[in-house]
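Those protein sequence lines, which keep their order, are chains B and C. First residue of the first sequence: 47, per the working numbering; consecutive thereafter. First residue of the second sequence: 48, per the working numbering; consecutive thereafter.
The set of hints was computed from the structure by calculation and includes no laboratory data. Being a predicted model, the structure only gives us computed values, none of them experimental. Glycine included, each C-beta is placed from N, C-alpha and C at the ideal position. Some hints here could point you the wrong way.
What the hints assert, rightly or not - Below, a sample of chain C positions facing chain B; criterion: calculated Cβ distance under 8 Å:
hint, residue
1, A137
2, A437
3, S482
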Amino acid sequence: MDGFTLVLWAVRLVFLLLLYLFLARVIRVLLRDLRAAAREPAQRPGRLVVLESPAGEPAVGRSFGLDVITSLGRDVNNAIVIDDPFASAEHAVLTYRGRNWYLEDLDSTNGSYVNGHPINGVAALGYGDEVQIGQVRMRLERT
Amino acid sequence: MAVRAPAAAPVTLPRVLGPIRPRARWQELRLLALVAGALAVGSLSLGTTVTGRFGLQDVRGLAVYLGALLVAHVAQVLAGRRTDQVLLPAVAMLGGISLLLMERLPQDLVVQHFFGSSYGLADVQLIWLVGAIAVATILGIVVRSDSWLRRYKYTWAAAGVGLLLLTFVLGTEINGQRLTLEFGPISGQPSELLKVILVVFLAGYLSENRALLVEQDTRVGPLRLPPLPYLAPMVAMWAIALGIVVVQRDLGAALLFFGVFLALIYAATGRLSLVLIGLVLFLLGSAAMANLFEHVRTRIDVWLDPFADPLGTGYQVIQALHAFARGGLLGVGLGAGLPEVGGRPPIPEIHTDFPFAALGEELGIVGLVAILGIYLVIVQRGLRIGVAAADDFRSLLAIGLALVIGIQAFIIAAGNLKVLPLTGVTLPFISYGGSSLLANGLVVGLLLALSDKGVEPPPPPGTQSRWRRLGRSGAA
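Given these sequences and hints, build the entire structure.
And the structure:
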């Protein structure tokens with residue numbers, strides 16, 4: 047074992063060490079990211095973003111955090127009040143069951159629409175789908 | 048800014064042309080500095096071993112590579128997007144290791160001629176690596192909307208299958224596999240591109256039909272099966288791709304497509320029953336194929352007992368096992384492994400199919416674990432981007448793209464280690480090969496673009512597929 051061989055072995059070990067140093071640094075970044083995500087307030091399962099609202103209530107661009115059961119309609123007792131002449135007082139209910147969203151129409155006069163198609167009773171929703179109650183269009187998004 | 052748009056104007060104009068605010072990316076820069084340091088030490092280790100005196104190996108190549116990384120970093124800083132800062136350094140580390148490996152293999156394994164001068168293995172690999180980083184960076188900066196992917200998923204799928212059929216008819220045969228398509232001086236392997244297209248298609252289809260797949264059941268007696276009719280078009284698309292791939296004898300791509308397909312179905316629906324059905328189908332299919340096709344049976348026989356024919360079919364696998372054994376815990380050091388047999392490395396196709404074995408010999412299991420860790424980091428970033436995405440399409444796309452890299456790395460690493468039968472897919476970012484590097488650059492670029500929080504909101508859902516409308520009325 048002369049000096050040259052020893053130094054060469056040291057260089058080889060330093061290379062492996064640097065690989066692990068890189069990995070450790072990256073993992074620290076990932077852990078910090080995950081902890082920051084965990085500290086955020088308890089997440090709601092989704093939100094509704096208003097895309098179009100001719101009557102102005104709710105306003106366009108407003109975002110509603112959703113509970114597991116959210117009622118929609120013109121009546122002020124609804125979780126999301128839709129003050130639109132074409133919406134019924136108790137129009138529809140959004141529910142989150144299992145890992146899926148469902149929109150249930152409560153026999154409203156003008157019906158509820160998902161992605162432009164009228165629904166019969168209950169319809170399953172995915173994130174990114176559009177819900178229309180009266181003339182108000184809203185999009186379901188992940189929070 | 049000569050004209051200021053009125054306030055009521057739609058804000059969906061491409062902001063690439065608007066004012067750009069640079070945003071520092073210190074995390075990325077710090078990690079890239081670490082990559083540069085590690086690669087310099089690696090180059091020193093390699094150069095010293097090869098020449099017998101202290102010195103770097105191929106300073107010019109290393110400088111070009113690190114310069115390209117710096118340019119990619121600065122371009123992203125100037126673009127000012129809030130994209131992921133870990134992906135580029137992780138990919139850069141893998142690419143750098145690839146460069147060190149290619150510099151150390153015999154340069155005449157690959158010789159390409161561009162503009163009158165010829166380039167050896169390391170030079171060509173360097174060109175493709177820089178190209179992959181350029182593709183990733185440009186996509187990460189420019190792509191601000193995904194509607195061009197989600198709107199045209201059937202078009203993409205058709206284009207992908209068309210590309211494969213074209214390869215089958217017009218392709219050039221190399222090593223008994225018809226995988227390469229040549230147009231004049233340009234040649235490529237379409238299956239690398241097809242894996243990206245497959246993920247785009249599956250993400251689009253599953254996000255549109257996820258709600259139905261989760262909710263409805265087909266009942267056969269006491270069994271609760273998933274809604275088979277809704278799966279039919281997707282399974283058909285998958286079977287077409289798989290059939291062509293099997294006919295082309297590209298088993299690695301078939302395995303990769305199948306793995307991605309199952310993983311995405313599970314990610315979209317959370318139903319283990321679907322995965323179990325898929326696995327059963329897979330086992331039945333492989334048993335049938337092993338009986339029908341000679342080349343499949345050979346692979347499986349070699350996997351079960353490579354020593355049955357040590358100088359013939361089992362040669363590659365046995366040499367790879369010997370390489371791992373010589374490497375041991377810490378490896379023999381960069382440049383010191385791979386005794387040459389008649390001036391060639393002992394493992395045929397070492398630069399495309401067996402880089403994992405070569406690295407196992409030179410860096411040992413300690414080095415291999417670090418490399419696998421970097422792949423895991425890339426997968427974790429992709430899953431994290433998927434979880435944070437605003438809608439189903441983006442989240443499935445990010446998950447699928449990350450898993451393509453992860454599953455591909457697993458298939459070839461397991462093949463090298465004789466954990467799975469050997470199939471010829473590339474080790475992402477490390478194997479030699481332009482198509483593979485560029486396709487993986489495309490994957491990383493899309494992941495970067497998807498990771499931006501300030502990305503354009505998802506477009507309104509378009510007209511629905513026929514399957515979904517049927518489901519809506521049936522769900523009453």
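Evaluated hints:
1. A137: 6 Å, holds
2. A437: OK, holds: A437(C) within 8 Å of chain B, min 5 Å.
3. S482: It is violated, given that the least Cβ distance between S482(C) and chain B is near 27 Å, above 8 Å.
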